[in-house]
Amino acid sequence: MLPQLAQRVALRTIHATFTRCAAFAPSIFVTRLRVPTRTFLSSSLPRLAPASRKSTKKGRKAVGAKPKKTAKATKKVVKAKSRSKKPQKLRRVLKEDLPPKHPPVACILHFQDYVKSHPVSSLEDARLRLKEAYGVWASMDAAAHQPWIDRSKALLAEYPRRLAEWYRKTDEETVKAVEKRFKARGRILTKDPDRERRPAPAFLRFWSDYRKTLSVSGREVLTYTTEAAAKWRSLSDEEKAPYFDSYRQALAAYHAKRGKAPKTASD
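The opening position of the sequence shown corresponds to residue 1 in UniProt numbering, with each subsequent residue numbered one higher.
Calculated from the structure, these hints are not laboratory results. It should be emphasised that the depicted structure is a prediction, and the values quoted were computed from it without experimental measurement. Glycine included, C-beta positions come from ideal geometry on N, C-alpha and C. Just so you know, not all the hints are guaranteed correct.
[To be verified] Derived lysine-lysine pairs resembling DSSO-like cross-links, with alpha carbons at most 27 Å apart: (1) 212 to 231; (2) 191 to 169; (3) 101 to 176; (4) 101 to 153; (5) 240 to 212.
[Claimed, not checked] FRET-style restraints, in silico, Cβ to Cβ: (6) 248 to 140: 52 to 62 Å; (7) 213 to 135: 41 to 51 Å; (8) 238 to 208: 15 to 25 Å; (9) 97 to 154: 18 to 28 Å; (10) 156 to 115: 18 to 28 Å.
Could you put together the complete structure from these sequences and hints?
Dropping the structure here:
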(Lines of atoms letter the chains of each structure in order from A and count residues from 1; the text may use other names and numbers.)
(Lines give C-alpha, C1' and ligand atoms only; values in the text may rest on other atoms or scores of the structure.)
Protein backbone atom coordinates (compact mmCIF):
# COMPACT_ATOMS: atom_id res chain seq x y z
CA MET A 1 0.00 0.00 0.00
CA LEU A 2 2.75 2.48 0.90
CA PRO A 3 4.71 2.09 -2.30
CA GLN A 4 1.62 2.78 -4.39
CA LEU A 5 0.75 5.86 -2.34
CA ALA A 6 4.31 7.15 -2.68
CA GLN A 7 4.15 6.70 -6.45
CA ARG A 8 0.90 8.71 -6.67
CA VAL A 9 2.29 11.59 -4.57
CA ALA A 10 5.50 11.61 -6.61
CA LEU A 11 3.55 11.79 -9.90
CA ARG A 12 1.40 14.68 -8.65
CA THR A 13 4.45 16.59 -7.49
CA ILE A 14 6.23 16.11 -10.82
CA HIS A 15 3.12 17.14 -12.74
CA ALA A 16 2.70 20.37 -10.71
CA THR A 17 6.35 21.24 -11.08
CA PHE A 18 6.26 20.67 -14.80
CA THR A 19 3.18 22.87 -15.13
CA ARG A 20 4.89 25.78 -13.32
CA CYS A 21 7.99 25.51 -15.44
CA ALA A 22 5.97 25.43 -18.62
CA ALA A 23 4.23 28.72 -17.61
CA PHE A 24 7.54 30.55 -17.07
CA ALA A 25 9.45 28.99 -19.93
CA PRO A 26 8.35 31.42 -22.78
CA SER A 27 9.33 34.55 -20.84
CA ILE A 28 12.73 33.10 -20.02
CA PHE A 29 13.41 32.06 -23.56
CA VAL A 30 12.28 35.41 -24.95
CA THR A 31 14.39 37.39 -22.49
CA ARG A 32 17.46 35.39 -23.28
CA LEU A 33 17.00 35.59 -27.06
CA ARG A 34 16.63 39.39 -27.22
CA VAL A 35 19.69 41.11 -28.68
CA PRO A 36 20.48 44.39 -27.00
CA THR A 37 20.87 47.36 -29.45
CA ARG A 38 22.77 50.55 -28.78
CA THR A 39 21.24 53.94 -29.74
CA PHE A 40 22.72 57.44 -29.74
CA LEU A 41 19.36 59.30 -29.73
CA SER A 42 18.37 60.85 -26.45
CA SER A 43 14.76 61.37 -27.54
CA SER A 44 12.30 59.54 -29.65
CA LEU A 45 12.04 60.37 -33.35
CA PRO A 46 9.31 62.93 -34.27
CA ARG A 47 6.32 61.51 -35.98
CA LEU A 48 5.20 63.40 -39.10
CA ALA A 49 1.54 63.79 -39.89
CA PRO A 50 0.45 61.74 -42.85
CA ALA A 51 0.26 63.71 -46.12
CA SER A 52 -3.25 64.80 -46.90
CA ARG A 53 -4.62 63.50 -50.13
CA LYS A 54 -5.88 66.06 -52.60
CA SER A 55 -9.48 65.71 -53.48
CA THR A 56 -10.09 65.04 -57.15
CA LYS A 57 -13.74 66.06 -56.95
CA LYS A 58 -14.59 69.37 -58.67
CA GLY A 59 -16.53 71.87 -56.58
CA ARG A 60 -19.64 73.54 -57.83
CA LYS A 61 -19.08 76.83 -59.62
CA ALA A 62 -20.83 79.91 -58.30
CA VAL A 63 -23.88 80.82 -60.30
CA GLY A 64 -23.24 83.88 -62.42
CA ALA A 65 -19.51 84.01 -61.69
CA LYS A 66 -17.49 84.36 -64.84
CA PRO A 67 -13.83 83.52 -65.14
CA LYS A 68 -11.60 86.57 -65.03
CA LYS A 69 -10.09 87.47 -68.33
CA THR A 70 -6.53 88.60 -68.37
CA ALA A 71 -6.12 91.86 -70.23
CA LYS A 72 -3.87 91.61 -73.21
CA ALA A 73 -1.13 94.15 -73.46
CA THR A 74 -2.03 96.62 -76.20
CA LYS A 75 0.39 98.89 -77.87
CA LYS A 76 -0.31 102.58 -77.36
CA VAL A 77 -0.82 104.43 -80.61
CA VAL A 78 0.85 107.79 -80.50
CA LYS A 79 -1.37 110.30 -82.27
CA ALA A 80 0.14 113.16 -84.11
CA LYS A 81 -0.32 116.41 -82.24
CA SER A 82 -2.88 118.59 -83.98
CA ARG A 83 -2.05 122.20 -84.24
CA SER A 84 -4.60 124.26 -82.36
CA LYS A 85 -6.03 127.10 -84.33
CA LYS A 86 -5.03 130.42 -82.92
CA PRO A 87 -7.90 132.85 -82.41
CA GLN A 88 -7.96 135.49 -85.07
CA LYS A 89 -6.91 138.86 -83.83
CA LEU A 90 -9.57 141.49 -84.25
CA ARG A 91 -8.62 144.50 -86.24
CA ARG A 92 -8.04 147.53 -84.08
CA VAL A 93 -10.99 149.89 -84.24
CA LEU A 94 -10.46 153.52 -83.36
CA LYS A 95 -13.01 155.62 -81.55
CA GLU A 96 -13.69 157.76 -84.62
CA ASP A 97 -14.44 154.56 -86.60
CA LEU A 98 -17.40 153.62 -84.41
CA PRO A 99 -20.97 154.29 -85.59
CA PRO A 100 -23.14 156.88 -83.83
CA LYS A 101 -24.67 155.67 -80.60
CA HIS A 102 -28.37 155.00 -80.31
CA PRO A 103 -30.06 158.03 -78.70
CA PRO A 104 -30.95 157.61 -75.00
CA VAL A 105 -34.46 157.65 -73.60
CA ALA A 106 -35.92 160.59 -71.68
CA CYS A 107 -34.96 159.48 -68.15
CA ILE A 108 -31.32 158.97 -69.20
CA LEU A 109 -31.22 162.46 -70.70
CA HIS A 110 -32.52 163.79 -67.39
CA PHE A 111 -29.80 161.89 -65.50
CA GLN A 112 -27.10 163.35 -67.78
CA ASP A 113 -28.35 166.84 -67.07
CA TYR A 114 -28.53 166.10 -63.34
CA VAL A 115 -24.90 164.93 -63.23
CA LYS A 116 -23.77 168.12 -64.97
CA SER A 117 -25.17 170.16 -62.10
CA HIS A 118 -24.04 167.62 -59.49
CA PRO A 119 -20.53 166.47 -60.51
CA VAL A 120 -19.16 163.13 -59.31
CA SER A 121 -15.60 162.24 -58.27
CA SER A 122 -15.83 158.47 -57.83
CA LEU A 123 -17.89 155.44 -58.72
CA GLU A 124 -19.66 155.58 -55.39
CA ASP A 125 -20.66 159.20 -56.08
CA ALA A 126 -22.04 158.15 -59.48
CA ARG A 127 -24.22 155.50 -57.83
CA LEU A 128 -25.44 158.04 -55.30
CA ARG A 129 -26.23 160.60 -58.01
CA LEU A 130 -28.12 157.96 -59.98
CA LYS A 131 -30.37 157.22 -57.00
CA GLU A 132 -30.91 160.93 -56.43
CA ALA A 133 -31.73 161.58 -60.09
CA TYR A 134 -34.17 158.65 -60.16
CA GLY A 135 -35.90 160.00 -57.05
CA VAL A 136 -36.24 163.44 -58.64
CA TRP A 137 -37.55 161.93 -61.90
CA ALA A 138 -40.12 159.79 -60.04
CA SER A 139 -41.39 162.81 -58.13
CA MET A 140 -42.00 164.81 -61.33
CA ASP A 141 -45.34 164.79 -63.15
CA ALA A 142 -45.89 164.07 -66.87
CA ALA A 143 -45.73 167.76 -67.82
CA ALA A 144 -42.29 168.08 -66.22
CA HIS A 145 -41.07 164.99 -68.16
CA GLN A 146 -42.14 166.42 -71.52
CA PRO A 147 -38.95 168.45 -72.32
CA TRP A 148 -36.75 165.35 -72.09
CA ILE A 149 -39.31 163.25 -73.97
CA ASP A 150 -39.28 165.74 -76.84
CA ARG A 151 -35.48 165.73 -76.96
CA SER A 152 -35.42 161.94 -77.05
CA LYS A 153 -37.89 161.82 -79.95
CA ALA A 154 -35.90 164.39 -81.90
CA LEU A 155 -32.65 162.44 -81.48
CA LEU A 156 -34.40 159.21 -82.41
CA ALA A 157 -35.74 160.73 -85.63
CA GLU A 158 -32.27 162.00 -86.56
CA TYR A 159 -30.49 158.72 -85.77
CA PRO A 160 -31.24 156.87 -89.07
CA ARG A 161 -29.80 159.76 -91.09
CA ARG A 162 -26.62 159.83 -89.00
CA LEU A 163 -26.24 156.04 -89.22
CA ALA A 164 -26.73 156.04 -93.01
CA GLU A 165 -24.12 158.76 -93.32
CA TRP A 166 -21.66 156.67 -91.30
CA TYR A 167 -22.19 153.69 -93.64
CA ARG A 168 -21.51 155.88 -96.69
CA LYS A 169 -18.28 157.33 -95.30
CA THR A 170 -16.90 154.09 -93.79
CA ASP A 171 -15.16 151.49 -95.96
CA GLU A 172 -16.37 147.91 -96.04
CA GLU A 173 -13.36 146.47 -94.12
CA THR A 174 -13.89 148.88 -91.23
CA VAL A 175 -17.59 148.03 -91.11
CA LYS A 176 -16.74 144.32 -90.89
CA ALA A 177 -14.17 144.99 -88.14
CA VAL A 178 -16.73 146.99 -86.14
CA GLU A 179 -19.32 144.23 -86.62
CA LYS A 180 -16.87 141.57 -85.33
CA ARG A 181 -15.99 143.74 -82.34
CA PHE A 182 -19.66 144.22 -81.46
CA LYS A 183 -20.32 140.49 -81.84
CA ALA A 184 -17.41 139.61 -79.53
CA ARG A 185 -18.93 141.89 -76.88
CA GLY A 186 -22.46 140.55 -77.29
CA ARG A 187 -23.77 143.53 -79.26
CA ILE A 188 -25.38 143.82 -82.69
CA LEU A 189 -24.48 146.45 -85.23
CA THR A 190 -27.57 148.19 -86.58
CA LYS A 191 -28.05 147.66 -90.30
CA ASP A 192 -27.83 150.46 -92.82
CA PRO A 193 -31.25 152.15 -92.94
CA ASP A 194 -30.75 153.08 -96.61
CA ARG A 195 -29.92 149.54 -97.73
CA GLU A 196 -32.04 147.92 -100.39
CA ARG A 197 -34.63 145.84 -98.57
CA ARG A 198 -36.37 142.77 -99.89
CA PRO A 199 -39.98 143.58 -100.84
CA ALA A 200 -42.80 142.41 -98.59
CA PRO A 201 -44.65 139.27 -99.70
CA ALA A 202 -48.27 139.14 -100.80
CA PHE A 203 -49.82 138.58 -97.36
CA LEU A 204 -47.96 141.51 -95.76
CA ARG A 205 -49.18 143.76 -98.57
CA PHE A 206 -52.72 142.61 -97.82
CA TRP A 207 -52.10 143.15 -94.08
CA SER A 208 -50.96 146.73 -94.78
CA ASP A 209 -54.26 147.46 -96.55
CA TYR A 210 -56.26 145.65 -93.87
CA ARG A 211 -54.73 147.79 -91.09
CA LYS A 212 -56.09 150.92 -92.74
CA THR A 213 -59.64 149.65 -92.27
CA LEU A 214 -59.20 149.27 -88.48
CA SER A 215 -60.17 151.99 -86.04
CA VAL A 216 -57.33 151.21 -83.61
CA SER A 217 -53.66 152.20 -83.71
CA GLY A 218 -50.37 151.36 -82.05
CA ARG A 219 -49.82 147.94 -80.50
CA GLU A 220 -53.55 147.23 -80.48
CA VAL A 221 -53.33 146.60 -84.21
CA LEU A 222 -51.29 143.44 -83.56
CA THR A 223 -54.26 141.82 -81.85
CA TYR A 224 -56.04 141.72 -85.24
CA THR A 225 -53.30 139.65 -86.93
CA THR A 226 -55.22 136.38 -86.47
CA GLU A 227 -58.36 137.96 -87.86
CA ALA A 228 -56.43 139.26 -90.90
CA ALA A 229 -54.90 135.80 -91.51
CA ALA A 230 -58.36 134.21 -91.48
CA LYS A 231 -59.60 136.89 -93.91
CA TRP A 232 -56.65 136.22 -96.22
CA ARG A 233 -57.36 132.49 -96.31
CA SER A 234 -60.99 133.15 -97.20
CA LEU A 235 -60.06 135.19 -100.31
CA SER A 236 -60.26 133.58 -103.72
CA ASP A 237 -57.32 133.32 -106.12
CA GLU A 238 -58.69 136.22 -108.17
CA GLU A 239 -58.85 138.45 -105.07
CA LYS A 240 -55.27 137.49 -104.09
CA ALA A 241 -53.90 138.02 -107.62
CA PRO A 242 -53.27 141.82 -107.30
CA TYR A 243 -51.11 141.32 -104.21
CA PHE A 244 -49.09 138.56 -105.87
CA ASP A 245 -48.60 140.64 -109.03
CA SER A 246 -47.31 143.65 -107.10
CA TYR A 247 -44.97 141.41 -105.12
CA ARG A 248 -43.50 139.81 -108.28
CA GLN A 249 -42.88 143.21 -109.86
CA ALA A 250 -41.18 144.56 -106.73
CA LEU A 251 -39.10 141.39 -106.41
CA ALA A 252 -37.92 141.64 -110.03
CA ALA A 253 -36.85 145.26 -109.47
CA TYR A 254 -35.04 144.27 -106.25
CA HIS A 255 -33.01 141.54 -107.97
CA ALA A 256 -32.27 143.81 -110.93
CA LYS A 257 -30.60 146.34 -108.61
CA ARG A 258 -28.55 143.63 -106.97
CA GLY A 259 -27.62 142.04 -110.30
CA LYS A 260 -29.21 138.69 -109.52
CA ALA A 261 -31.88 136.71 -111.35
CA PRO A 262 -35.24 136.78 -109.52
CA LYS A 263 -36.60 133.55 -108.05
CA THR A 264 -40.11 132.24 -108.54
CA ALA A 265 -42.48 133.97 -106.11
CA SER A 266 -44.62 131.90 -103.80
CA ASP A 267 -46.97 132.57 -100.94
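Against the structure, the hints come out as follows:
1. Annotation: proposed proximity of residue 212 to residue 231 holds, straight-line Cα distance about 15 Å (limit 27 Å).
2. Of the supplied pair hints, the one linking residue 191 and residue 169 holds, its CA atoms being roughly 15 Å apart against a limit of 27 Å.
3. Under the criterion of a C-alpha separation no larger than 27 Å, the hint pairing residue 101 with residue 176 is consistent with the structure, at around 17 Å.
4. Restraint check for residue 101 and residue 153: satisfied, since their Cα atoms lie roughly 15 Å apart, inside the 27 Å limit.
5. At most 27 Å may separate the alpha-carbon atoms for a hinted pair to count; residue 240 and residue 212 meet this at roughly 18 Å.
6. At about 54 Å, the CB distance of residue 248 to residue 140 agrees with the hint of 52 to 62 Å.
7. Evaluation of the 41 to 51 Å hint for residue 213 and residue 135 yields a pass: the beta carbon distance comes to about 46 Å.
8. For residue 238 paired with residue 208, a C-beta distance near 20 Å keeps the hint of 15 to 25 Å intact.
9. A beta carbon spacing of about 26 Å between residue 97 and residue 154 agrees with the range 18 to 28 Å that was offered as a hint.
10. One distance hint, 18 to 28 Å for the beta-carbon pair residue 156 and residue 115, holds here, with the actual separation near 22 Å.
Violated hints: none; the structure is consistent with every hint.
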